[in-house]
Each structure stands twice: as C-alpha cells, then as structure tokens.
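S.K.: Since chain U is already given, all that's left is putting chain B on it; use the hints.
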Amino acid sequence: MEEQKPLTAADLVAVARLCRLPLADARAAALASELGNILALMDVLDPENLADEPPAIGYRAQWEG
Amino acid sequence: MDALHLSLHEVAQALRARKLSSVELAQAALARIQATEPKLNAFVRTTERRALAAAEQADRELAAGHWRGALHGVPVAVKDLYDMAGLPTTASSKVRHDHVAGQDAACVRRLAQAGAVIIGKTHTHEFAYGVTTPTTGNPWDPERTPGGSSGGSAAAVAARDCFLALGTDTGGSIRIPAGLCGLVGLKPTFGRVSRVGITSLSWSLDHAGPLARTVADAAIGLQAIAGFDARDTGSADVPVADYLAELELGVQGLRIGVPHNFFFAHVDAEVERAVRAALADLERAGAELVDVEIPLDEQIVPVEFGLLMPEASSYHQKMLRERADLYGADVRALLELGEMLPATAYLAAQRRRTQIKAAWQQMFDAARLDALIGPAVAAPAALRTQLDVITWPDGTVEPLINAYARLEAPGNVTGLPSIAVPCGFTAGGLPVGFQALGRPFAEARIVRIARAYERLHDWSTRAPAL
Numbered sequence: 001m002e003e004q005k006p007l008t009a010a011d012l013v014a015v016a017r018l019c020r021l022p023l024a025d026a027r028a029a030a031l032a033s034e035l036g037n038i039l040a041l042m043d044v045l046d047p048e049n050l051a052d053e054p055p056a057i058g059y060r061a062q063w064e065g
Numbered sequence: 001m002d003a004l005h006l007s008l009h010e011v012a013q014a015l016r017a018r019k020l021s022s023v024e025l026a027q028a029a030l031a032r033i034q035a036t037e038p039k040l041n042a043f044v045r046t047t048e049r050r051a052l053a054a055a056e057q058a059d060r061e062l063a064a065g066h067w068r069g070a071l072h073g074v075p076v077a078v079k080d081l082y083d084m085a086g087l088p089t090t091a092s093s094k095v096r097h098d099h100v101a102g103q104d105a106a107c108v109r110r111l112a113q114a115g116a117v118i119i120g121k122t123h124t125h126e127f128a129y130g131v132t133t134p135t136t137g138n139p140w141d142p143e144r145t146p147g148g149s150s151g152g153s154a155a156a157v158a159a160r161d162c163f164l165a166l167g168t169d170t171g172g173s174i175r176i177p178a179g180l181c182g183l184v185g186l187k188p189t190f191g192r193v194s195r196v197g198i199t200s201l202s203w204s205l206d207h208a209g210p211l212a213r214t215v216a217d218a219a220i221g222l223q224a225i226a227g228f229d230a231r232d233t234g235s236a237d238v239p240v241a242d243y244l245a246e247l248e249l250g251v252q253g254l255r256i257g258v259p260h261n262f263f264f265a266h267v268d269a270e271v272e273r274a275v276r277a278a279l280a281d282l283e284r285a286g287a288e289l290v291d292v293e294i295p296l297d298e299q300i301v302p303v304e305f306g307l308l309m310p311e312a313s314s315y316h317q318k319m320l321r322e323r324a325d326l327y328g329a330d331v332r333a334l335l336e337l338g339e340m341l342p343a344t345a346y347l348a349a350q351r352r353r354t355q356i357k358a359a360w361q362q363m364f365d366a367a368r369l370d371a372l373i374g375p376a377v378a379a380p381a382a383l384r385t386q387l388d389v390i391t392w393p394d395g396t397v398e399p400l401i402n403a404y405a406r407l408e409a410p411g412n413v414t415g416l417p418s419i420a421v422p423c424g425f426t427a428g429g430l431p432v433g434f435q436a437l438g439r440p441f442a443e444a445r446i447v448r449i450a451r452a453y454e455r456l457h458d459w460s461t462r463a464p465a466l
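Chains as they are written, first to last, in our numbering: chain U, 1 to 65; chain B, 1 to 466.
Simulated from the structure, these hints should not be mistaken for laboratory data. Certain hints may be false.
[Unchecked claim] One-sided excerpt, in silico: chain U residues whose CB lies under 8 Å from chain B:
1. ALA9
2. VAL13
3. VAL15
4. LEU21
5. LEU23
6. ASP25
7. ALA29
8. LEU31
9. LEU45
10. PRO47
11. PRO54
12. PRO55
[Stated by the list, open to error] Pairs of lysine to any residue, SDA-like flavour, derived with a Cα cap of 20 Å:
13. B:LYS318 with U:VAL13
14. B:LYS318 with U:ARG17
15. U:LYS5 with U:ASN49
What you are looking at is a predicted structure, and each value in this text was computed from that prediction instead of being measured. C-beta atoms are modelled at their ideal positions from N, C-alpha and C, and glycine is treated no differently.
The following block holds chain U by itself, in its conformation from the complex (with noise of 0.2 Å):
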C-alpha cells in the first residue's frame, strides 16, 4: 500500500475543485491537517471486512419490524 502522505494545501484545492467547491489556497491550508484526521479516522472503517455487508438503502425506520 502507498505511503500516505500528510495532505497539502494543494491537494485540498484540487479536491475541492472536484467538489466544484470554491476554496481559497489560504483556507485549504487550513483545512489540510483537520482533512487528514478525519480521513484517519475513517481508517477504521477499513472494508476488510465487510465484504458481504450491504450498505442501509436509505433510513427508513431503521428499528421498525
């Protein structure tokens, strides 16, 4: 697996652009670090295994029956 490296200013922009999302170089300097973490975070949601998971279609009464 590649080495992840810490995200950039940069890199956020280009996201962003992606997202059609207007971000300033400052501000996506800003969000570079806060964006890494939370992706770290999501880590632990690693797909391993949930192979045969499905994904909730929706929300509808997620207790009901």
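M.R.: Coordinates of chain B only, in the frame set by chain U:
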C-alpha cells in the same frame, strides 16, 4: 412559591384546578425571560403575541371544563430549528436571515394541539452543527457553555423561563445540554418523533425530543410529540406507548448493563464517581447490574462522523456555494470537509452501522438488558473561552466536540432511545448526569429507570442562582 419553579406536572394540576391562569403564567414566563436573557441569551426570539393568544384560548377552554392534558396552558419553547408559521427559522445562523417558515413543524403542531403555549425559539449551535452553543450561557455559571446544540433550550428550562423545551439530537444535542445544565433530556428511538419542519443536520441521525426538569415532565413532552408521520421518511409506524404508565414501578428485577469499555474511558473523575454512585443507588433499589462489553466500540465514533459529515454537507451544498461567508468559521469548515470525504467512506459507515445495530441488539438480548447506563457527557461544562480542546489527566488532548459527542454517538448510530438524568454536581457546582439507553421503542422502560433514580435525590428541584 413562584409558579415557574413548579414542575410541569405540578403546574398542570394548578392550571387544571384554575388556581392559576395560563395568561398569568405566560406573562410570568415572558418576564422571567426578560430578566434572565442579559446573562444567558437563550432565546433567538420570544413569540409573545402567539403565546398570549394560545394562553387566552387555554384559559377559555379550562373555564369551559375542557382540559387537553398536562401541557394545556403550559409555557414551552422550541429550538430555532423548528418551523413556526410566519416566523424565521434562523438555526442561529446569518445564512437564514431571510428565511420564513410557511407552516408549523409537525412537533410544533402537536404541542399546540396539546394546548402548550410556545413562548419563544431558542438558540442552537449554528445549524445544530456543534456541541457548545457559543451564543448562550449556562444558568449554573453563565461563563460556561450550556452544551449543544440545543443549548438555548436547556438554558431556558434550567433558568425557569419555561417548563419544557424541544431540542434535536444528531450527535448528543439533547443529552449533552441536558447533562451540562442539570436537566432530563429524552432522545427517543429513531423514527419515534416526526422531523417534518425541522431543519436537518443529518437525515439518518437526526432525532427530536424534549428537555425538562423532571423525568415525568420529559415523558409528558414525548407523549405529546410522538407518533407516525408518513411525510418523514424515517418515521416508524409503531404504536405510541403510555410513557407514564411504568413511571413509579421502580427498578426491582430490572437488568442494567454497565459497560467496562467505551463509556468510562477518558471520563472526568467527578463525572465517573457520580455515575457509579447512581449505579450503586439503582442496585440498592433492586436493579441487577450486569457487566457488558460494548461491541465494535472503535467503530462507533467513525461511523457517527462518517454519516453526519457527508449528510450535513449534502444538505448545505447549495447554501455553501451561495452564502459561504455568512457561516460561522467552525461550521463552514466542517461543511467544506464533509464535501471532501470519499463516497466510499460514507458507504462504509452505513455498512458498519448495520453491523453495530445488530451487535447492540445481540448485546441487549444476550445479557437480557432493560437498559445500559453510562455518563450523559464525559466532562462538565467548559468555560466559554475554552471551547476548542480538553486535556485529560494523562496528557491526552481531545477536541471538545469529540469529548462531548463521543458517548452520545451510540444512541444516534443505533437509533436506540436514551434519557439523560441529573445525578449530582461537581465540587465546583456544575451539574453531572448519566444516560440510560434502552431497547427500540422502550422509552417507557428507561423513563421508569430514570424516575426510580430521580426520586432518591433532590437534584431536579435544585435551581441555579441567577
């Protein structure tokens, strides 16, 4: 005694017996708000004209012998995420400065049908996306946060501005302010209360519910707003129970799970002591305490944020492009970050949620639990000047949003009902609470457990000195 210091249950009896008029009570509440607002700033606005009209109608009906129930003629408030026809729903945001609701939210309508007198709309952390409600002070110490996001609702109830207030809870936003303000906060089962007309934060995690000073009062509030609503695609078509039916039955023979992981990790020492003392009280009252392990504990917080952030960013997608400069810095950053999370992370969170729900169901079944108890919030109310991080005794530094929301996530991710209950004060006089999570749609059972504890102490009758 000042009528505003009575419980909702007590004031309802006084109104019914016509020892007190609803108009007098509404006027007293509005005067109380004027007196407390300079310190607290709990309200976005009062709704005096609508309130007095409702109070007059309540009095006319009572004079004619028509009593709608315990909320008849009682002053209540709603978080300013709930639509009220003809009024702005600001969500405590400049983004919404020109928003005006066309009709009442379903819960507002239900409150009105129950005869409640809505006296105002309370502050929220902007768009409910935060846990501190920076606009507002905590009645127990206005220099401290009331918690959030339903901080204005909690401050208003704790300050005796009203008898009950509605909040919303996506990551603890009812239970956190209840815990920090010494109140009872009841987050019902997902789907139990309609969210129609409530500004959303995260569709699959949002819950609506009451904050009140006593367990019975919270149950009365839930009774009024619970029920199926086909317009809310998350609404559950399940019969509404009588939430007061088990109120005084005690805990003899009930089984309460005490987690040895997750709920007591990185918790303030005074909070842990108070919660463990509450558990001992419940055991002495006849409950059986059962050691349990929280399953998939490392997944819970990532799932909460993995669902919440993309859903919130989706809701705000258009506004973020049109009015970005009008958002507060913290909320704007969270919304921008939510757009940059991969879709696969969101789907992984959805898939993990299914696993977590199944694992919790199995935990409840295997241990034959009626409820599971942990702290309502991991730490007491922080100073309003120190809302960024919390430093734990072992030197760990944790963002405050994580520290406050961490123990709430199970209730939102699983959708299970949870009630926050006051269980003491710190040496510095700040409220502490525990939360009891129950089985799906078993709100009456956790209300019963909460009441069994409440009657052992006088926490709910203590009032902040404002």
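S.K.: State for each hint whether it applies.
M.R.: Right, here's what the structure says about each hint:
no.: 1; hint: ALA9; result: violated (13 Å)
no.: 2; hint: VAL13; result: violated (11 Å)
no.: 3; hint: VAL15; result: holds (5 Å)
no.: 4; hint: LEU21; result: holds (5 Å)
no.: 5; hint: LEU23; result: holds (7 Å)
no.: 6; hint: ASP25; result: violated (13 Å)
no.: 7; hint: ALA29; result: violated (12 Å)
no.: 8; hint: LEU31; result: holds (6 Å)
no.: 9; hint: LEU45; result: holds (4 Å)
no.: 10; hint: PRO47; result: holds (6 Å)
no.: 11; hint: PRO54; result: holds (7 Å)
no.: 12; hint: PRO55; result: holds (4 Å)
no.: 13; hint: B:LYS318 with U:VAL13; result: holds (19 Å)
no.: 14; hint: B:LYS318 with U:ARG17; result: holds (15 Å)
no.: 15; hint: U:LYS5 with U:ASN49; result: violated (25 Å)
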